[in-house]
Amino acid sequence: MRVEIKFAGFGGQGIIKSGIIIAAAACIHGGKNAVQTQSYGPESRGGACKSEVVISEEDIDFPKVVEPDVLVVMSQHAYNEYVENVKPGGTIIMDPDMIPHEVDLKNAQVHRIPATKIAEELGKKIVANIVMLGAFVAITRILDANAVKESIKENIPKGTEELNLKAFEQGYEYGKTLPKSQA
Amino acid sequence: MVEQVTHPLSKYLRADMMPHIWCPGCGNGIVLNCFVHALDELKTDLDKLVVVSGIGCIGRTAGYTNTDSFHTTHGRAIAFATGVKLASPELEVVIVSGDGDLFAIGGNHFIHAARRNIGVKVICANNFNYGMTGGQLGPTTPLESLTTTSPYGNIEHPFNLVHLAAAAGAIYVARWTTLHVRRLTQSMKKMMQKEGFCFIEVISPCPEIFGRYNKMRTGLEMMEWFKKASVVESFSDPAKAEITKEKIVVGEFVDTQKLSYEKLFHEKIAQINERSIQ
Amino acid sequence: MPSKRSLLTGAHFMNGDVACAEGAIAAGCRFFAGYPITPATEIAEHLSQRMPEFGGIYIQMEDEIASMAAVLGASYAGLKAMTATSGPGFSLMQENIGLAVMTETPCVIVDIMRGGPSTGQPTLPGQQDVMQARWGSHGDYATVALAPSSVQEMFDLTLEAFNLAETYRVPAMLLGDEIVAHMYEKLVIPPPDKLRIVNRKRPNVPREEYMPFKPDEDLVPPMACFGEGYHFHATGLTHDERGYPQTSSSEAQQKLVTRLCNKIRKNEDKIIRVEETMLDDADVAVVAYGIVARSALSAVRKAREKGIKAGLLRLITLWPFPEKRVAQLAEQTKAIVVPEMNCGQMVLEVERKAKETPVAFLSKLGEEPHTPLEILEEIRRNS
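Chains as they are written, first to last, in our numbering: chain A, 484 to 666; chain B, 926 to 1203; chain C, 2 to 384.
Hints were generated in silico from the structure; no laboratory data involved.
With a straight-line Cα cutoff of 27 Å, these simulated DSSO-like cross-link-like pairs (lysine-lysine) come out: (1) C:Lys303 with A:Lys515; (2) B:Lys973 with C:Lys215; (3) B:Lys1165 with B:Lys1119; (4) C:Lys307 with A:Lys570; (5) A:Lys515 with C:Lys195; (6) C:Lys310 with A:Lys547.
Note that the coordinates shown come from a computational prediction; the quantities given were computed from them, not determined experimentally.
Assemble the whole structure, with the sequences as input and the hints as a guide.
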């Protein structure tokens, strides 16, 4: 089955990297096919940014996301832009501290993960995206946690493994304890 | 029966490409002559020499020398030669081209090759105009000169090529006129023994085109100007070596040494691979 | 010289630009000259690190004109050489692509297509340079251009481009797009002994008899390199088999330029590659390439699910264009649909061969390629 995932936020949050980690986890460690595509503005930092992943048991023809099953969103701007486009009944995983203004969604499962806050408590705001990945794995169960952990280790700077894996675990635990739906 | 006489320097030239295309009184033949004399005196291994030219009258030089040779698009001789030198640092790569080719359309390549100190050697025949296309103004045309595209007198300030080369980082810079055949030949020899980006400007007569519009209709008249105006000033300030009707400062301006780009690059390669083996 | 020389093998998850760079190294490329430009910069960055590990050269030139010239110089000095760029740089390279054609210099030019004209949309995809790849330099010539659709093909077709460049002594082009270049996907690299690597034909006559532009029967002359003692001349001027300028001989011009075109035309059957999906009984054929071919494949599958007999002809070789196959398809099908990320370029070639069969063109510009549903809708309209 084809699953479409969209990661969105602003440049500097590790959005592109999140997509690469998840797609590599599926493809190299999870025995599935996966493609990651991206789009970004001319700015290295601060501009709107999205990273799309398609995961499937079969060959992937069209590599772009048309209607995401899952939206992982970390900025108000990205939320406003993409939230209406989620597949009916789809999943939204969001950082509520980065998105103060929510709209009323009728047909989606919304999970609020205070990833930036958790990351700040760990001492590095920059790992908020990895906290989100932990929650993503716990909530969606599309991928095995160990496969994602392997992928994280391969896709982060050397020497930051401990911090990143801790961030992943905290996000994972937070995601696991959430009630099924908060729509 | 007429005895076949072979010129002692004929092995340096492609006899079957003659006659050459240059006009009577043109200085390009002198430049080529000095060049092959320099090769001969240095006993240069012709198998390891590559001559590259751009477009223009002097650009035909590559074809006339009996070595591996390449005649590029307009202005690109130095960029092409950069690829040759980096790919095969053991080759001696000499560029022979003109002022318009090297300093108008190819000016950017010149300054960057000098900045990088790529070990190619540049000989520029400066005849103050675009001869091949019939005498248009170029980047070295003196102020007030008449050309087919400056019929009211040139108002563009010309480049002082030796100053430009020195400022861009060339490790050897000299200027001679086609009158200074011995010194020019010695200079070419010296240049070819150096490692790094070198530049020789040769002031060369173009009586048929440039001279015709500027009251010097014969090669002799142009050479007389060179004779009257030339002053040998060794290692003088190239910034003050602007060419005027009254004065052409000639001589060597820069003769220094620094590691060439290709040497540095190949040292890096060796370092990287030693590190990886340890 | 000691060298790491560790060619990547096995499965990797990487982006198309890096796959292209690795494909070049696997093909034996040992010289890269380029100039930074989005979305091709990652190729240069990766090769600046990898080339020295293989004893190869990386140089960032002052512009794309110089990059192309340096690539030619390196190729004549005996190295396999390439450059990589995007539209604005591809425009600047056209001058010396012409010189490569005229002097029969094997080399590879990667153009990662973005939105044009001019500076356009640097970070967004396009397919707007496909005609430029065919006709961009002045004068008549024929050359080779390949269009990858996946990260795997960014590797495979870069290697293939080198093989074609070396076989036919031409500048071979790889026309990727921003999506394929930046997309991450699985890439499997076979061990080096499983790769087919072609090297240029070398002279087999005594040095004094060597003529640098005297072709063999396949119309391709064997190539000597600088420093080997052949003392040959090459020029961008029209020349004879010795390489000597022939600027006023009509015969020399007729002979040389015709051969430059024919060495590709007459070898077309060996060069052209397409991928066919469900075309055998198709009523509607989609002709697509690059990233758009993947939307088209999805659309064709969806059409079949709905009982519409659709099929896909994916162009792997854009140039030479698979004229014969398209002509056959036109006879067999009711309509041909051509989606492209431009305002209608390869569709002109399809129309030229389609004769009476209607050809529907579907344009899409900007960030996203056609969605499968958009192409499906066009298939339905024409079925």
